[in-house]
Amino acid sequence: MTHKQLGHFQVSLLALGCMGMSFGYGEVHDKKEMTKLIHKAFEFGINFFDTA
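Per UniProt numbering, residue 1 is the first one in the sequence shown, and the count goes up by one each step.
Keep in mind the hints are simulated off the structure, nothing from the lab. Honestly, I wouldn't trust all of these hints.
[Said to hold, decoys possible] For each label pair, taking beta carbons as the anchor points, the in silico distance ranges come out as:
id	residue 1	residue 2	range
1	A52	K31	13 to 23 Å
2	L6	E27	25 to 35 Å
3	M19	H39	10 to 20 Å
4	E27	F49	13 to 23 Å
5	E27	K4	25 to 35 Å
6	F42	G20	15 to 25 Å
7	Q5	D30	27 to 37 Å
[Unchecked claim] For lysine to aspartate or glutamate, the following DMTMM-like pairs were computed, each having C-alpha atoms within a straight-line distance of at most 20 Å:
id	residue 1	residue 2
8	K40	D50
9	K31	D50
10	K32	E43
For glycine and all other residues, C-beta sits at the position ideal for the given N, C-alpha and C.
Turn these sequences into a full structure, and let the hints guide you.
Written out as structure tokens, the structure reads:
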């Protein structure tokens, strides 16, 4: 995974948008499944999680 400097942090060029995981877009998803998804993304090198 390629990373870029963002202030003092090295962040992945790809991010995972997390807002729809718990509210905001339609139905709420299973918390255990969303936790697995976050862990899998981290395993692939994603370290930028958009929670806005």
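**OP:** Against the structure, test the hints numbered earlier, and report the numbers of the ones violated in rising order.
**Re:** Structure breaks no hint.
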